[in-house]
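**Student:** Under full-length UniProt numbering, read the sequence shown as residues 1 to 70, first letter to last.
Since the hints were derived computationally from the structure, they do not count as laboratory data.
Each residue gets a CB set at the ideal place from its N, CA and C atoms; glycine is no exception.
Some hints here could point you the wrong way.
As the list claims (entries may be wrong) - Label-pair ranges, simulated between beta-carbon atoms:
hint: 1; residue 1: Glu37; residue 2: Asp8; range: 17 to 25 Å
hint: 2; residue 1: Gly30; residue 2: Gly64; range: 29 to 37 Å
hint: 3; residue 1: Glu62; residue 2: Glu22; range: 15 to 23 Å
hint: 4; residue 1: Glu41; residue 2: Lys4; range: 23 to 31 Å
hint: 5; residue 1: Glu63; residue 2: Ala9; range: 14 to 22 Å
hint: 6; residue 1: Glu25; residue 2: Asp52; range: 16 to 24 Å
hint: 7; residue 1: Ile61; residue 2: Gly12; range: 29 to 37 Å
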Amino acid sequence: MKVKVNKDACIGCGACAAICDEVFEINDEGLSEAKVEEVKEEFQDEVRDAADSCPTGAIEIEEGQEEKAA
Numbered sequence: 001m002k003v004k005v006n007k008d009a010c011i012g013c014g015a016c017a018a019i020c021d022e023v024f025e026i027n028d029e030g031l032s033e034a035k036v037e038e039v040k041e042e043f044q045d046e047v048r049d050a051a052d053s054c055p056t057g058a059i060e061i062e063e064g065q066e067e068k069a070a
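With the hints as constraints, model all of the structure from the sequences given.
**Tutor:** Structure below.
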């Protein structure tokens, strides 16, 4: 899973950092940013919760492609 924050949509409410501070932080501009691009499996549910809680939908998640069996 990859995650990024759309800075044009972020209002800096801090909900994402409160839910998953291992992945999100508030920067010097008062906006959220992802500390990592690739999210470890252990934090993926929290990242999804953070995205669902974002009031502006600023958190963009790209789920990994499942490998297809031959």
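**Student:** Next step is simple, just say for each hint if it's right about the structure.
**Tutor:** How the hints compare with the structure:
1. For the pair glutamate 37 and aspartate 8, the supplied restraint of 17 to 25 Å holds, since their beta-carbon distance comes to about 18 Å.
2. Distance hint for glycine 30 and glycine 64: a CB-CB separation of about 31 Å, consistent with the stated range 29 to 37 Å.
3. The hinted window of 15 to 23 Å between glutamate 62 and glutamate 22 holds, with their beta carbons roughly 18 Å apart.
4. Checked against the given bound of 23 to 31 Å, the beta carbons of glutamate 41 and lysine 4, roughly 18 Å apart, lie outside it.
5. For glutamate 63 and alanine 9, the hinted distance range of 14 to 22 Å is satisfied, since their beta carbons lie about 20 Å from each other.
6. Between glutamate 25 and aspartate 52 the CB atoms are about 19 Å apart, so this pair conforms to the stated range of 16 to 24 Å.
7. Between isoleucine 61 and glycine 12 the Cβ separation comes to about 19 Å, which falls outside the hinted range of 29 to 37 Å.
The structure fails hints 4 and 7 (numbered hints given earlier, in ascending order).
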